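Sequences and hints are given; from them, build the entire structure.
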Amino acid sequence: MSGKKAKKTPAEVGRELFEKEEAAEREAGKKFDPRRILENAREIKTINDSVLGELKYTPLSAKDLWGLNKISDEWERTRKMISLLLHKAYPDLKSEKDLDDFPAQEMTRLCELIASPENFFHLPQTSTPGSAKTKTPKSSA
Amino acid sequence: MVNTTPAVGRNGSININGVEAGYIKGVTFDLDADVIKDYKFTSDIPAVLESGNKTIKFTFQKMFIDTTYAALVLAGTKMTILLGPANCTPVGQPKYTLSNAIVFHHGWRDEQAGIVIEDGNGEAASLTLGTY
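Chains as they are written, first to last, in our numbering: chain A, 22 to 162; chain B, 64 to 195.
These aren't lab readings, by the way, just hints derived from the structure by calculation.
Check before you lean on any hint, since a few could be wrong.
[What the hints assert, rightly or not] 27 Å max Cα-Cα, derived DSS-like pairs, lysine-lysine:
(1) 84/A <-> 51/A
(2) 28/A <-> 125/B
(3) 125/B <-> 52/A
(4) 125/B <-> 51/A
[Claimed, not checked] Part of the chain B face toward chain A, derived, beta carbon under 7 Å:
(5) 76
(6) 83
(7) 84
(8) 85
(9) 89
(10) 102
(11) 103
(12) 125
(13) 127
(14) 129
[What the hints assert, rightly or not] Estimated spans, in silico, between C-beta atoms of each pair:
(15) 124/B <-> 73/A: 46 to 56 Å
(16) 59/A <-> 141/B: 27 to 37 Å
(17) 81/B <-> 71/A: 23 to 33 Å
(18) 33/A <-> 155/B: 18 to 28 Å
(19) 43/A <-> 141/B: 26 to 36 Å
(20) 154/B <-> 132/A: 55 to 65 Å
(21) 181/B <-> 110/A: 30 to 40 Å
(22) 155/B <-> 132/A: 49 to 59 Å
(23) 124/B <-> 59/A: 24 to 34 Å
(24) 59/A <-> 155/B: 46 to 56 Å
(25) 195/B <-> 56/A: 16 to 26 Å
Please read these numbers as outputs of a predicted model, since none were measured by experiment.
Note that CB positions come from ideal geometry on N, CA and C, so glycine has one too.
Right under this line is the structure:
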């Protein structure tokens, strides 16, 4: 029979084995893992800002968000949020009152960083499969 | 001591006694050479400056060895490692040949067709640069 498959060489066998393993690892990385999420939440993270320099913080927990939701005053909520983000990485900042002596420039920059979700919150851009429908202008004719 | 810049992410095949025996992934090199240096009286410029005894070390992420050759590799048999840039071996691409290489493995596991050594390192007698 001419259609008989040629035997794979050891290099081909090894390459295919590693490719399969890596594909399985990538797939496993996508799975919901509460333990890994909790470990990740406890880690001190760093962002590099052009104004403030290297800035360390810990992500907000669900409990933090529920607490913030109860604060109606916007300024109080922002101040509390900054304090919650920074206090584990900077133990000297024990409460939001410690932020009151910050110069306005730095405080304003912190507020600007909070306003952009990609800074502290790493919110992924949500997308739907396939390309979005584009709106075409209606013909006037 | 002289260090080369490591070439990251090179993959390739493993030959033992001229026969293909496996596959290697994520290889980096590190070349050390002793410095031979001597001075004359009345001069602070070296009269002799040469590269001396060389040590060619390499590390790898994963190595697959066919069952037929697994015992040989684990026993320290010398092998030839042929490497190309990231699994790409078309004509004209750089080719690195590590000759008489031995592996100091950090544990291994059995697979159906052979063994896999992970995060290993080793030394080779020579490193030749060429093209495919």
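Outcome of the hint check:
1. 84/A <-> 51/A: holds (25 Å)
2. 28/A <-> 125/B: Given pair residue 28/A, residue 125/B holds - Cα atoms ~22 Å apart, limit 27 Å.
3. 125/B <-> 52/A: Holds, because 24 Å separates the two Cα atoms, which is no more than 27 Å.
4. 125/B <-> 51/A: Roughly 23 Å between the alpha carbons, so the hint for residue 125/B and residue 51/A holds.
5. 76: holds (4 Å)
6. 83: holds (5 Å)
7. 84: holds (5 Å)
8. 85: holds (5 Å)
9. 89: violated (9 Å)
10. 102: At 46 Å from the nearest chain A Cβ, residue 102/B fails the 7 Å test, so the hint is violated.
11. 103: The hint is violated - residue 103/B has no Cβ within 7 Å of chain A, the shortest such distance being about 51 Å.
12. 125: Check passed: Cβ of residue 125/B comes within 6 Å of chain A, closer than 7 Å.
13. 127: Where the cut-off is 7 Å and the nearest Cβ of chain A is about 3 Å from residue 127/B, the hint holds.
14. 129: Cβ of residue 129/B sits 4 Å from chain A, so the hint holds.
15. 124/B <-> 73/A: 46 to 56 Å: violated (38 Å)
16. 59/A <-> 141/B: 27 to 37 Å: Between residue 59/A and residue 141/B, where Cβ atoms are some 48 Å apart, the hint is violated.
17. 81/B <-> 71/A: 23 to 33 Å: violated (58 Å)
18. 33/A <-> 155/B: 18 to 28 Å: holds (22 Å)
19. 43/A <-> 141/B: 26 to 36 Å: holds (29 Å)
20. 154/B <-> 132/A: 55 to 65 Å: holds (59 Å)
21. 181/B <-> 110/A: 30 to 40 Å: With a Cβ separation near 35 Å, residue 181/B and residue 110/A satisfy 30 to 40 Å, so the hint holds.
22. 155/B <-> 132/A: 49 to 59 Å: holds (56 Å)
23. 124/B <-> 59/A: 24 to 34 Å: holds (29 Å)
24. 59/A <-> 155/B: 46 to 56 Å: Given a distance of about 51 Å, which is inside 46 to 56 Å, the answer is holds.
25. 195/B <-> 56/A: 16 to 26 Å: With a Cβ separation near 46 Å, residue 195/B and residue 56/A fall outside 16 to 26 Å, so the hint is violated.
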